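Bring the two chains, given one by one in their own frames, into a single complex with the hints.
Chains as they are written, first to last, in our numbering: chain A, 1 to 109; chain B, 110 to 221.
Don't read these hints as lab results, they were simulated from the structure.
The reader is advised that the hints may include incorrect statements.
Unchecked claim - Going by beta-carbon spacing under 10 Å, a handful of chain A positions derived as facing chain B:
no.: 1; residue: 28
no.: 2; residue: 29
no.: 3; residue: 33
no.: 4; residue: 93
no.: 5; residue: 94
no.: 6; residue: 96
no.: 7; residue: 101
The model shown is predicted, which means the values in this text are computed figures rather than measured ones.
Idealized CB from N, CA, C, for every residue including glycine.
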Amino acid sequence: GQSLEQPSEVTAVEGAIVQINCTYQTSGFYGLSWYQQHDGGAPTFLSYNALDGLEETGRFSSFLSRSDSYGYLLLQELQMKDSASYFCVLTGGGNKLTFGTGTQLKVEL
Amino acid sequence: DAGVTQSPTHLIKTRGQQVTLRCSPKSGHDTVSWYQQALGQGPQFIFQYYEEEERQRGNFPDRFSGHQFPNYSSELNVNALLLGDSALYLCASSFDPQETQYFGPGTRLLVL
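Just chain B, with the same shape it has in the complex (with noise of 0.2 Å):
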C-alpha cells in the first residue's frame, strides 16, 4: 500500500515564475492539506481539501491556490515566486478531515 506520494521531489525556479507541485493521498484518504515548511522551522499549514474544495486556508496570499481532483489527488500552485517561498512543501493526507494526518516526503523548492 503506497503512502503519500509528492512530486516532483525537487524543483528550483526564478523569481516572477510560477509552479505546481502534486501529490497523491494513500489509498482510502479523500482529505489533503498542503504545509510549507522553511528551513530550521515548523510546517505551516496552507490550505487543505476534501470533496474538491477548498475547506480551510492557512495565512497565505492568494497567490498560494490549489485543487483536488475526483481522484483525490492534488496540486498547489503558486503565482509569482518570491525567494521567500523557497521551503519544503509538504502534502498531507487523513480518510476523513477529522482523522490523522500522514505526510509525504515533500518537494523542495528553490527560488532564485
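Looking at chain A on its own, in the form it has when it is part of the complex (with noise of 0.2 Å):
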C-alpha cells in the first residue's frame, strides 16, 4: 500500500514563507502532486513533481526527493487566502490518487 504524513497543523505570520513537509512509503509511484482545499471547498491542484528537484509556480515551490521519499511545498509571501488544508497526493498506475493526511496551513496577521 501507500502512506504519506504531514504535519497536521503550521502556522505563519502574513508575508513570511512557510514550508511543509512531506513523507511517503510506497512500492511506486509516477509522482507527487500538492493540491490546496479551503473548508468546505473542492481540492484544487497546485504543483506537481515527476522529478526529483524543485518545480515553481508563482509564490508556491514543490520540491521532490524520490531516493529520501521525501517532498515538500513552499509557500512564500503567504497571504490571508492561503489559510487552507494542503496535501501531498502520490500519483499512482492508471491516475490514481493517495492524498495525504493533510495539513492546516494557519495565517496571522
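Next up, the structure:
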C-alpha cells in the first residue's frame, strides 16, 4: 500500500515563508502532487513533481527527493487567503491519487 | 467554461437506504474519478471511469458502484447506507486517465 505523512497543523505570519513537509511510503509511483482545499471547498491542484528537484509556480514551489521518500511545498509571501488545508498526493498507476493526511495552514496577521 | 459540477450539494439519508450522486465533468474531459472524504481526513479513491467502464477501484465494498454515460457524466451509487458513509463525496475529471484531475465542489452526505 501507500501512505503519506504530513504535519497536522502549521501556523505562520502574513508575508512570511512556510514549508510543509511530506514523507511517504510506496512501492512505486509516477509523481508527487500538492492540492489546496479551503474549508468546505474542492481540492485545487497546485503543483506536480515527476522528477527529483524543485518546481516553481508563482509564490508556490514544490520539491521531491525520491531517494529520501520526501517532498515539500514552499509558500512564499503568505497571504491570508492561503489559510487552507494542503495535501501531498502520490500519483499511481492509472492516475490513481493517494492523498496524505493533510496540513492545516493558518496565516495570522 | 463550466468546471466540474456535482449534484446534489447536500443530502440526508437514513441507514439502509440507497443514494445516487451525480457528476458532470469539465468540458472536454472524458475521465471521471470518485473520492470519499471523511471529516478531517484526506480524500480516498473509490473508483475511476473511462470510456464508460470502471478502470480502477480503491478499497471500497461492492455497496459502492458507479456508471459513466456516453456524454462522460457519471453517477455514484451507494446501497445499504451505513453511518460511516457520512462524508463529502468528490468527483474529479481529467481529459485523459493520465492527466491532472480537477475536482468538483462535492456532495455532502449525512447518514442518520
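Quiz item: Would the stated hint for residue 96 of chain A survive a check requiring a Cβ distance to chain B of less than 10 Å?
Solution: holds (5 Å)
Self-check item: Cut-off 10 Å, beta-carbon criterion: hint that residue 33 of chain A touches chain B
Solution: holds (8 Å)
Self-check item: Restraint outcome when residue 94 of chain A is required to lie within 10 Å of chain B by C-beta distance
Solution: holds (5 Å)
Practice problem: Grab the minimum C-beta distance from residue 29 of chain A to chain B and call the hint holds if it beats 10 Å, violated otherwise. | Solution: With a minimum Cβ separation of about 13 Å from chain B (threshold 10 Å), the hint on residue 29 of chain A is violated.
Exercise. May I ask you to test the interface hint for residue 101 of chain A with respect to chain B, counting a Cβ-Cβ separation under 10 Å as satisfied?
Key: holds (6 Å)
Quiz item: Quick one, is the residue 93 of chain A hint okay against chain B at 10 Å, beta carbons?
Solution: Since chain B brings a Cβ to about 8 Å from residue 93 of chain A, closer than 10 Å, the hint holds.
Practice problem: Using 10 Å as the Cβ threshold, decide whether residue 28 of chain A counts as touching chain B. | Solution: violated (15 Å)
The structure does not agree with the numbered hints 1 and 2 stated previously, though it agrees with the rest.
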